[in-house]
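Once you've looked at the hints, dock chain B against the given chain A.
There are 2 protein chains.
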Amino acid sequence: MVSTQLDEIKVLVERVEKLIELDASVELRELINDLNISDVAELIYEMPEHTLPFFQQLDFQRALAVFRILDVSIQEELLKSLPPYQLVQILNDLPPDDRTSLLSELPSSTVKEIIKHLNPEERKVTLSLLGYPEESVGRLMTPDYIDVELDWTVEQVLTYIRDYGKSSETIDVIYVTDANGTLIDDVRIRDFLLVDPKTTHVSDLIDGRYISLHVNDDQKEVANVFQMNNRVALPVVDDRNVLLGIVTIDDVLWVVEEEYTEDIQRIGGTEALDDPYLDVSLFQLYKKRIVWLIVLFFGELLTITAMSNFEGQIAKVVMLATFIPLIISSGGNSGSQAATLIIQAMALGEVTIKDWWTVMRREIFSGLFLGLTLCVFSFSVISLWHLFSPTFGEHYFRIALVVGTSLIGVVMWGSLMGSMLPLLLKRLGADPAASSTPFVATLVDVTGLLIYFSVAMLYLKGILL
Amino acid sequence: MVSTQLDEIKVLVERVEKLIELDASVELRELINDLNISDVAELIYEMPEHTLPFFQQLDFQRALAVFRILDVSIQEELLKSLPPYQLVQILNDLPPDDRTSLLSELPSSTVKEIIKHLNPEERKVTLSLLGYPEESVGRLMTPDYIDVELDWTVEQVLTYIRDYGKSSETIDVIYVTDANGTLIDDVRIRDFLLVDPKTTHVSDLIDGRYISLHVNDDQKEVANVFQMNNRVALPVVDDRNVLLGIVTIDDVLWVVEEEYTEDIQRIGGTEALDDPYLDVSLFQLYKKRIVWLIVLFFGELLTITAMSNFEGQIAKVVMLATFIPLIISSGGNSGSQAATLIIQAMALGEVTIKDWWTVMRREIFSGLFLGLTLCVFSFSVISLWHLFSPTFGEHYFRIALVVGTSLIGVVMWGSLMGSMLPLLLKRLGADPAASSTPFVATLVDVTGLLIYFSVAMLYLKGILL
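Chain order of the listed sequences is A and B.
According to the numbering used here, the first sequence is numbered sequentially starting from 202.
According to the numbering used here, the second sequence is numbered sequentially starting from 202.
Excised from the complex, chain A in its bound form (with noise of 0.2 Å):
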């Protein structure tokens, strides 16, 4: 049970510990072959300097099961770790799909000496699968599915099934194909289930209303047809139809977590990590967000070139450089928020560019609402201030006209250029995730410093400046 899970795995620690302790091999072993499969990981996560111990006491099915749900990088270790012969059998073993994924994790050097070892076969459809693009639907496909003919009975089905199954990834849906391969339906094994096996064949249960993924689809977007769709496999197909695979939904949910961590990532300013934050090296920490930072430096560079035209303005009011932090976030802020915004619905295909007009109408006046609130918010604080303090001087209804004014101007600039950044990086081809919260607020801390001093010239011009 979830909620309980981690006092369970201390206990269980503490258990395998004091086994260990004792050197009571067997029941050790009896103890690992006796845990779900997600405790015998997290005993792995927990001690992993037993790593390949315990791996060795698991009988091989429940081995490969434990061996495909672990972390890439603790997977390679123990690839580097196993002696060969137990490295060639995990390595035929693994569904496609998975050997595939690992893979293309894995170092090329790695990966080369790894493919040596897989039997003629299995190194066919390895090298097949590792042919798809990446990110492309043919890298997340199995070629182990069950097909049938149109013009068998339900009992052929069934038997051919039971002879057939053991190998195949799923078999809650058969796939109905001719005999060129050319897939012609998807019946989910429950409507074989619920009909008389004698007398039915299988061309009375296909509707011919089936969906198909393109091999060379993108990863994406395969989670949006499974939600839309209510299916747990869907069948992969090339230009002509034929049936090449097919993905089931266990692996689209690791997909979706992937995609939208990178996103997330992204949208925080720095590049995806390929790791567990604690599994990567401080150099590679230090690599994916020092580019953007330097970026953003460069930026920011932008604002020393506007500031220093306003050394003039600051020289004779110092107090119009008080209220910089407060003008440039307000504005980062509001960027960030509409950014954010689009990013997702973008994501989620709720926006696309096409909206790019009604979502423009929408954050100006979005903009415009949120800036006013900001406005008279700081007309009454600065007001307030001057009450009780002197710092605004007797010009302070003057310096609340020119901060509260430029919050207008600097909120609105910040939605639209927070909602426009996304879709700009998308019509150029690029991943609307990249304009990232910290790449909109340091744009917008540049125009929001011109904003703020050309309205400070408006009003303060001839009376303080």
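Quick caveat, the hints were computed from the structure, so don't treat them as lab data.
A quick note: this is a predicted structure, and the numbers were derived from the prediction, not measured.
Hints may be right or wrong, so weigh each one.
You can't tell identical chains apart in this list, so a pair holds if it fits in one copy or across any two.
Restricting the straight-line Cα-Cα distance to at most 16 Å, the calculated cross-link-like pairs of lysine to aspartate or glutamate (EDC-like) are [stated by the list, open to error]:
1. K421 to E463
2. K219 to D476
3. K489 to D299
4. K555 to D208
5. K421 to E551
6. K281 to E250
7. K211 to D299
8. K662 to E356
9. K281 to D352
10. K421 to E458
11. K211 to E595
12. K367 to E336
13. K421 to D235
14. K555 to E247
Leaving out everything else, chain B in the frame of chain A:
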């Protein structure tokens, strides 16, 4: 196929428009009943004015399937416009989990109205599902599953499925319970199909290694359990291990997407939107954003207090103001990076509160190296700049020293704040994603100014200040 979906929909809309124009209702009915349900949904989104007529053209089972995947706002629209007899039919036939999630999104007055239309049995199920806390597994589950007993033969099981399987949400997994309804194990349908049905008993197929969810578990954690255990459905039990229902993986995909959308919106500094971006009213859009903007505005007021303490220094060395945007946004940027990395690592369970010391150590060092790099860049830029323009005057080297040292301090501080804040929020029982990038940036702004002006005093006292 995904890649051509957009074009296909366009062609489809044109075809439908023509049929409507020609008043060819028979052809229209045929066409609509021949489409995939996801295409019907698309059609409804493209031509919202025809929602009701399209819907009424559909055969009942298909109408139900389409209804399940529509956005809540359109579902509500439809429920209101459908004639009562159709409303009753739809509601009674929706799977209980879908009905519950629909009802929990509608205003309570509408819910009351709707529950009146349910038949007594369905009403009981719905009300009991509504009794579980929102965001709990109880709200996700469906009571439509198949459970069998230990002493049945596989043949009995298959016959039972044939008789009662139609109303169950999934028959991919069958549950084994005792006379009290206590869960004993779950068995995949494939295991029944791969053995001889006459001689094998249910008791031969169980291995006692089932994973169950507790009815009060948080929905957020369910995705993780599915991923780690390769299941398409999981049983839900109460404290006494009595089977109450099941959760299917396709519902989990929606939960995952919703959770991530909320997280991304929070990270960007808005409250989570309840509906798709384009469906939210301007007022809602304003409301969801203004709260945080005002909070951040008041946070930024602290910068005014800070700045007004340094007015004397700015008056003496106006140039100090020039670097304010650069300094504070570098801190904000590194803070945003750290915050999003940690928020996401926590969401994936890669980092927990007990890792705080490891995280802190990593972030201090990352921040140090990131800051050092920006320090080197700022030195180079200011020196080069000095070669071509006298902006920074004769003390340019000291200015560079101030800016460079401040950057190290501010970036380290930003990384530290950004990484510790999500952990602190979690510790306090709040959502880590509430430590939005704007929030972190604002916090770092205030402290960044203090660091900057303190460093300036240190290096410039007696020389320029």
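- prompt: Hint by hint, which ones does the structure fall short of?
  reply: 2, 3, 7, 8, 9, 11, 12, 13
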